[in-house]
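Undergrad: Working from the sequences, and respecting the hints, build out all of it.
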Amino acid sequence: MAASANGQGYRVIGTRPVRHDGVDKVTGRAKYGADYSFPGMLYGKVLRSPYAHANIKSIKIDKAAALPGVKAVVTAGDLPALADKMEQAGEMAINMSQLSANILARGKVLYDGHAVAAVAATSPHIADEALRLIEVDYEVLPPVMSVEDAMKPGAAILLPGLRNKDEGPDQQTNVATHLQFKRGDISEGFKGADHVVEREFKTAMVHQGYIEPHNAVGIYNSDGHATIYCSTQGSFVVRSLSAAVLAIPEGNIKVVPAEIGGGFGGKTTIYLEPLSVLLSRKTGHPVKLTMTRAEVLRASGPTSGSTIRCKMGCTKDGKLVAAQIWMAYEAGGFPGSPVGAGAMTIVAPYNIPHLLVDAYDVVVNRPKTAAYRAPGASNAAMASETVIDELADKCGLDPCDFRIMNGAKEGTPQTAGPPYRRIGFIETVEAIKNSPHYKSKLEGRNRGRGVASGFWFNVGLQSSAMVNIHTDGTASLVIGSVDIGGTRAAQAMIAAEVLGLDANDVRPFVADTDSIGHTDVTGGSRTAFATGWATYEAAQDAVRQLKERAARLWEKKPEEVAFSNGQFTAQGDGVKPMTVKELAGRLARTGGPISGRATVNARGVGPAFATALIDVEVDPQTGKVEILRATVAQDVGKAIHPSYVEGQMQGGTAQGIGWALNEEYFYDDKGILRNSGLLDYRMPTCLDLPLIETCIVEVPTPGHPLGIRGVGEVSIVPPPAAVANAIANAVGVRMTELPMSPPRLLKAMLNKRGGAEAQAAAAGR
Amino acid sequence: MAKKVVVEATINGEQTEFLCEPRQSLLEALRDVLELTGSKEGCLTGDCGACTVIVDGRPLCSCLMLSVEAQGKTIQTIEGLAQPEGLHVLQQKFLEHASLQCGICTPGFLMSAKALLDHNPKPTEGEIRYALAGNLCRCTGYDKIVRAVADAAQTLASGTRKGSAGRLGSGPSASEQTEQFLQEQEVK
Amino acid sequence: MINSPAPGGLWALHAINYESPKTVDEAVKLLAAHGEQARPLCGGTDLIIQLRAGVRRPEYVVDIKNIREMRRIEFSMQHGLRLGAAVPCVEIYENGDMRKYYPGLTEAAHLIGSLQIQSRASVGGNLCNGSPAADTTPALIALGAKCRVVGPGGERLVPVEDFCTAPGRTVLQAGELLVEFQIPSPARNSSDAYLRFIPRNEMDIAVVGVGASVTLDLSDERISEARIGLAAVGPTPIFAREASQALSGKRISDETVERAAQFAIAAASPIDDMRGTAEFRRHITGVLTRRTVAKAIERARSTQTSR
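Chains as they are written, first to last, in the working numbering: chain Y, 1 to 765; chain V, 1 to 188; chain G, 1 to 307.
Rather than coming from a laboratory, the hints here were simulated on the basis of the structure. No experiment lies behind these values; they were computed from the predicted model shown. Be a bit skeptical, because a hint or two may be false.
[Said to hold, decoys possible] In silico lysine to any residue, SDA-like type, Cα no more than 25 Å apart, as pairs:
(1) V:Lys4 / G:Arg57
(2) Y:Lys752 / G:Ala278
(3) Y:Lys752 / G:Glu279
(4) V:Lys3 / G:Tyr60
(5) Y:Lys254 / Y:Lys433
(6) V:Lys4 / G:Glu279
[To be verified] Anything over 12 Å on all C-beta distances counts as not near chain G; from chain Y, calculated:
(7) Leu159
(8) Arg183
(9) Gln567
(10) Arg674
[As the list claims (entries may be wrong)] Quick look at which bits of chain V chain Y covers, simulated, 3 or more residues with Cβ under 8 Å:
(11) 35-43
(12) 130-139
(13) 142-156
Backbone N, C-alpha and C define an ideal beta-carbon position, used for all residues, glycine too.
TA: Structure, rendered in structure tokens:
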């Protein structure tokens, strides 16, 4: 096993084998959650509120229950009442009463689409008909749809029990939390600034947009044990949260993760899972629930729209001196927006001595927000990275050079937490500067180029892994990390590297919650880092045990056995080196089967930085933006399977471009979602994007055996600002609202050209 | 309870008979009646293409076709793309190019790509993108999908079948692939 | 068009009966017999979505795709074009005569949705759905198309610009079926074009659509006749009569085209919705009218040699 984490001498790591689950996925054999079927299975459907804000006065289910084919109807009354405070659910702190109320509304509905009741019937069509027969008496209340409206004095109150520290224990409020981060002295800081730019930004609520809707099949056995098959990013999360919502012991639920059709953070919580068990318990049958696309958009967990005021100052030489930010994020119907992360990421790539951030988590009558790929960071970067672009412009500096000059490095303080250890931010900017894209000339009218950077913390958390050595010398790797993007291949490659095997000789398997030790979500850019660490250690454990067997065969001590280049060797006559394959056939006679295992609570996570370079062309008469070229550079520590690392970078960039140009939630004045379909929730199609060039930067994370740095998230952070900066470069307009859809951009361009002159200009001369 | 009807169609080369209600879409019939779960439900409005199948040579969204309309038609689903001898070139190329991450959109893309190459064996990058515009992918940004389809077109045109699925080894980096690709296509 | 989703959220259809008549007469009998309880099914790309949303709940779905008369494309320079209402878009743009003689209508058919949608969607269905944003309707208006409607009382010809009466509503009475479009043979020195504005590059419903057809005089410097149709900027598709007249008989120049664009804007009465504001739509109407007319002129100038 090569000692260096810098990629020299790896045999398997860094190559591009075909993924182990690939054939199943290209032939339609792979089973996703909605593909599961069981004998006697019933179909569940959820009744959802048609109002954005209302008290529930009564729910009458008798007509629905009487419909032939209907086997059960449930409401919040069928779930236990839970405490309205933060509680440990497994490894997380969650307000369980709010989580439960999000799954089935208790007394009040807080957004259009909020679940109110659920039925199970012998066909999905009958279930749907049953929903129409449930009678809910609502007392409609005024909807509160924006952070501004929610924070106004006299605003309708969503959660009567909600309080925050600022306003005190007697004040009803829609502000759940106010966080503040400080460094230095902000007024001193701005005194030292030669250039100051201050702007207010608004970003719209957007959805992760995974193509697979949520699903769950629940099977409750009369012994009180239940199994849930579902597409989730975290089978252990589903177990602990479902157990808490149902008030049954965690160990009584087994979660079997199906293949998952995208998550991006949106499938790290629960919606249908406890309902599937509840309905199964009531009916004695397996019950399958799936969301339609309309339900996904209305009632799963989009990410926050936000208002951000960003003021930054620098010297005339381009040295950043101060940053002051006010940000308010939409939490949805219940508290929990990622505004804290927004606050901590907003100027994270830079060394700024004076900083003041005020961050507000605000409830509004929209769905309860859930994580979306570096949650909170893209909103924030839209503000800071465009303000920085303006400052660089004022100083007459190239935007890449401005970033390099102010770039954070080892020892630079973070907004919260200890100073950075070894990081690769500046290397990503340099990679952009060295890219063919950057070096190419951009010519033509109404074309522009923009650059922006982003930061994400990544996380470590817990993972478990087991490596079983088979008698033919191949191995199986059992992990708990759901594979959303090709991680099981990378995990197998790590084990193969350690064991001296080919990638194809290690079979990765994602196991259920009974078959593998606790493993935290596939999310937070942690899988390669933390599960990779566990896999590495488990494989090393297997090697240790194999050394003992070799020692036994050679009548040596285990310390005398060496393992390198896939061979076990020892000094002495008559000792013939053995590979794992050769040793594997002799396990039974030397002591029995070998399973290596490891669990980690991974510390020392390495944060990720990305820098994106985007060229656009703007149609000056319509405001339509064409993405001409895009390049993304990202520090990934060590790319285990470069193709899938590139894929993460490209995917995040594409989502960021959608966020920049056309994605937004449209609510009408009654708080009803008007675009609950993929026709009008406009995600980029194949025809809307160019090829996306990638620059993999490898600055290893200190302390990790392979130097891995999480890769999954940060690429989504820079693109909205990069596109905004490119538009500014193209047509001289600074956009401060996302998305920069054609009507908004056209209006900004016409305003800039001014009045009657604009009409003439727009007339196509 | 609505009366079921018998539908006869040729599905993946086999004469097939199945029972369904008129209100069931072809997608439901495929998934729930015939247990061909390879075609996926993503939106039910024809906007994501995850349910794409080929009917009488044309790609279409099976969620927007009633099951009874399948009567007498020839239908190809993802389950019929590979042959016993091996994967279709498109499937191979998707694997080699790592054109899938979560894989939920992959069956739909493969069917659309097959329909494209059946009608237009030498598509430009622009024609590939236009033909695939009805298939949404949220994971990949489409880059490696477009490369795989272009590569498959080249391979089919040159008459060679390079290797089989499961072959290991390094390939060119994305930057190298880009340079080569841009040279072979028209740069915008 | 989809209104707010059903309580279950856009999923299941109610129970329906499926009929598949083989002739127009059979279809008309079925539609007349069941009235509001029957709906023709063509490509299904609008109807099935509406059935799922519970916007329409007819008991009978009458599949008209198996009626030969409604599936044919018949063209001759002498008689012009008879385009069956149930011809799917893909067959339109695969047809050499359509591409050559009616490029604007053909490109409109190639813009609807995706290739998957175009395998099923038809021009007739596009019109009968009654959406003001239908892509093919402005192109039909520009071509002066007439709709042959057959009903229990007999047949009638309806100018396409009179076909839609309000969002989602048409002149079709109970039992009536749109069977085909009759489009005049293209004059020498004439051509058509269709352009639309959408925020992405495909898949979107038109925010504004403009169809234009122009006939040039022999010198190619003057427009002898023109027709302009507009989509998505009023409660129905619009025949921009004054804009069309502003071009007819005029020399080709920027000023002429600009006048037509201004009349087109005046003919539009757009609303604010999530696809665009009224202000934006008016502006884009002007932009697209200029571009579409220019394209039609350019095509007309080049067709005299190619026909």
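Undergrad: Go through the numbered hints given earlier and state which of them the structure violates, listing their numbers in rising order.
TA: Hints 5, 6, 10 contradicted; others consistent.
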